[in-house]
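Letter by letter, the chains look like this.
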Amino acid sequence: MTCDVVCKQLPLVLYGELTFDEEEAVHQHLDGCGPCQAEMAAVRQLHKSADALEPELPAQLLQDARRTLRVSVSALRETGYQQSRSGWWWKLVPDLGSAWKAAGAVALLTAGFFAGRVAPEPGGGGRFTMASLSPGDPVASRVRFVQPDKAGRVQIVVEEVRQRVLEGGVNDDKIRGLLLLASREANDPGVRVETMDLLKNQSASVEVRRALLAALQQDENPGVRLKALEALRGAPPSDADTRRVLIQVLLTDANPGVRNQAIDLLTQHREPAMVGVLQELVSRQGDDYVRQKCQKALREMNASVETF
Amino acid sequence: MLNGNGQAVATVGARAQCAVVDESALIRAAQTGDQYAFEKLVQTYDQGVLRLALNLLRSPEDASDVYQEAFLRVYKNLHTFRFDCSFHTWLYRIVTNLCLDQLRKRKVRKEESTTVDTSEGVVDRMEILAEERAEGDPQRRLHARQLGDRIRVALGDLTPRERLVFEMRHYQGMRLRAIGEVLGTTEEAAKNCLFRATQKMRAALGDFV
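Sequence lines, in order, name chains A and B. Take 1 as the starting number for the first sequence in this note's numbering and just add one per residue. Take 1001 as the starting number for the second sequence in this note's numbering and just add one per residue.
Certain hints may be false.
[What the hints assert, rightly or not] Result set (DSS-like, lysine-lysine): computed pairs, CA atoms no more than 27 angstroms apart in a straight line:
1) Lys-150(A) - Lys-1076(B)
2) Lys-1200(B) - Lys-1105(B)
3) Lys-174(A) - Lys-200(A)
4) Lys-8(A) - Lys-1200(B)
5) Lys-174(A) - Lys-1040(B)
6) Lys-8(A) - Lys-48(A)
7) Lys-1076(B) - Lys-1040(B)
8) Lys-1105(B) - Lys-1076(B)
9) Lys-48(A) - Lys-1200(B)
Since the hints were derived computationally from the structure, they do not count as laboratory data.
All chains should be modelled from the sequences, with the hints used to inform the complete structure.
Take a look at the structure:
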């Protein structure tokens, strides 16, 4: 086996794309060939470097993409688009042609109407346009899909976002459901903070507590996380999930204010089950305030401050 | 006679078969218009699709557009899927064609920019994504930045097909045979493509690695 052939196969060795015999032959060559060994090391390093460059897939990007797709598919369904055009239901609707003509006319009118709205603003990307509209009109829209056919008709999918005002008490199931949704999906951190505040008297509910814990673990905004902690003050002290998340926050949250509040919350009830956790935190925690709080709680519980 | 190992193998095999059966059932349900089945199908593959598009196009907006277009095409053409190949292959044919179109257009327009103007000057959004995970050590950050720059340039100099093969093999972990199927070519051609991509990147990095 020549060096040229071996060099060509080095990436394939690393990717596990060679047969046993082929790989064996490459390794045999490598054992006695310094330059090829150096080349192998370089290719391996290239792989490692490329690994380090791979960006994390932003969760928000995926969430937004899924939401947009859902809207587009719903719009397709609402406009009468069925996946199986040759399916049996097409045969059951012989008058579809005229219906499509009417739909096409409406679609063209709609396209004209929205074209004005989605026209790019000077200097803007023109990707997504907000418009000042009267109540009930869409507040945002964009044309997602245009498909002409041979007969001159056209199918257009327009995404629209409409505003609705809902009112009700915080205990109302529908309102609470929307608050829980807002705690996860509202883009504006101010809305999420307000949501946490509204949910704070309901942390006895498992559903609400889960939302608060999720915000505490995942929300990028420290203000929201602090509000979630505040809201969790009413949670049952023995709740294992709450305790687990608080410990995780103590060990991983980058914000000292959040960590301080978390230790306050964790130590507000003196439970024997907490002794081991607090001892562990004393040994692992770099934050002075948190360590002192743990030590104080342990002393008050007549427990040893350190593990041996 | 089944021993412990044999039983384990049988279980793994049964699970894999179950997954295939489940996916076929999902596809058939989605073909009849079952919205839930379609969503499940999307959620099975969409992270990989978005990741591939993001890595290749290095623009969240473009990646998102490819995602939308790909799954809308799946939705509109699912009735034509005849199980001649795996759903994964069929989907990735759509996705890679869309990505290749984008990359080719960029090659023509010479606009491969992922930079944005911010109050702190011009920054590369993909670099931010990559560096968010970097350690606090300034030397490591500097080295990572320089290496990142070189790899980025090297990736930019690959042909769209070479880049696609490298991304699918390296980041998506797809076998070369599957990549060949997706791209409508042979495993051997995919191998050659991968080799060329690696060679070009090695040459661009020089003694940096």
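Each hint, compared with the structure:
1. Lys-150(A) - Lys-1076(B): 18 angstroms, holds
2. Lys-1200(B) - Lys-1105(B): 22 angstroms, holds
3. Lys-174(A) - Lys-200(A): 17 angstroms, holds
4. Lys-8(A) - Lys-1200(B): 12 angstroms, holds
5. Lys-174(A) - Lys-1040(B): 26 angstroms, holds
6. Lys-8(A) - Lys-48(A): It holds: about 19 angstroms lies between the C-alpha atoms, which stays within 27 angstroms.
7. Lys-1076(B) - Lys-1040(B): 16 angstroms, holds
8. Lys-1105(B) - Lys-1076(B): 25 angstroms, holds
9. Lys-48(A) - Lys-1200(B): 16 angstroms, holds
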